[in-house]
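Using the hints provided, position chain B relative to the given structure of chain A.
These protein sequence lines are chains A and B, in that order. Using the working numbering, the letters of the first sequence map in sequence onto residues 1 to 107. Using the working numbering, the letters of the second sequence map in sequence onto residues 1 to 111.
Treat each hint with caution, since some may be false.
30 Å max Cα-Cα, derived DSSO-like pairs, lysine-lysine [said to hold, decoys possible]:
hint, chain 1, residue 1, chain 2, residue 2
1, A, Lys94, A, Lys42
2, A, Lys42, B, Lys14
3, A, Lys68, B, Lys9
For each label pair, taking beta carbons as the anchor points, the in silico distance ranges come out as [said to hold, decoys possible]:
hint, chain 1, residue 1, chain 2, residue 2, range
4, B, Ala82, A, Ala10, 28 to 38 Å
5, B, Gly3, A, Gly16, 26 to 36 Å
6, A, Gly16, B, Ser69, 34 to 44 Å
7, B, Glu59, A, Lys59, 23 to 33 Å
8, B, Gly3, A, Ala10, 41 to 51 Å
9, A, Gln104, B, Ser18, 34 to 44 Å
10, B, Lys14, A, Lys68, 42 to 52 Å
11, B, Gly3, A, His74, 20 to 30 Å
12, A, Ser7, B, Pro61, 27 to 37 Å
13, B, Gly40, A, Thr67, 24 to 34 Å
14, A, Lys79, B, Gly16, 39 to 49 Å
15, B, Ser80, A, Pro107, 40 to 50 Å
16, B, Thr20, A, Pro107, 38 to 48 Å
These are calculated hints, taken from the structure and not from any lab test. Cβ atoms here follow ideal geometry from the backbone N, Cα and C, with glycine treated the same way.
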Amino acid sequence: EDQVTQSPEALRLQEGESSSLNCSYTVSGLRGLFWYRQDPGKGPEFLFTLYSAGEEKEKERLKATLTKKESFLHITAPKPEDSATYLCAVYTDKLIFGTGTRLQVFP
Amino acid sequence: NAGVTQTPKFQVLKTGQSMTLQCAQDMNHEYMSWYRQDPGMGLRLIHYSVGAGITDQGEVPNGYNVSRSTTEDFPLRLLSAAPSQTSVYFCASRGSQETQYFGPGTRLLVL
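In isolation and in its complexed conformation, chain A is listed as follows (with noise of 0.2 Å):
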C-alpha cells in the first residue's frame, strides 16, 4: 500500500537555528514529490516539485532534497515568519499527502 510519513509531527526551533523536516514514502511508481507551507485557517501553499533523486529547489530559506526512499526540506537560519505546517504529497496515478510537521520557530 503507497504510504507517505512525516517526521517529526512537531519542532520548535529558536531563531537561527538550521534543522530538517523528513518525508519517507513507501509507492510505486513515484511521478513527483510535493512540497506545500500551510498557514492557520488557510489553504495549502505550493512550494517545490521534486522529479528524481538526486534532484534539489531552493527557494529563500528553504531547500528541499529527494531520495529514492526519502525528501528533506531544510530550513537555514528559520525566522518566526517560518512558523506553519509543512505537507509533504508524493505523486503515482494519484496525490497521497502525509500528516506533515508542524514548526515553531520562537525568537
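Then chain B, alone, in the frame of chain A:
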C-alpha cells in the same frame, strides 16, 4: 488572477441538512478536486474531475456528490449532513503540470 476561490468560509449545519460548497478557479485548469482535512490525517481526496462533464470518486466519496458543468466551477454537495462530515474542505485545481493549487478552505461543523 484570483486563483481558486471557495465559499462559504464557515458553515454550521444540523444533521440531515444538505448544502453545497462552492469552488471556482480562473486559471483555465482542466483538473479540479475536493479534499477533506481532519486532525491527525493527511488530506484525503473526495471527488475529482478531469474536465467539464467528467467526474470520478476519490478515496472518501460517500455522502458527497459533485458535478462539473463548466471548466471554472466544481461544487461539492452534501446530501444529508452527518457529524462525521465535520471537517475542513479544500478545493484544488491543476493544469498541465502535476502541481495542485488549493483554495482557502471551508470549515464545516455538523451538529
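Those earlier numbered hints the structure runs against, lowest number first: As far as the earlier hints go, 3, 6, 8 are violated by this structure, in ascending order.
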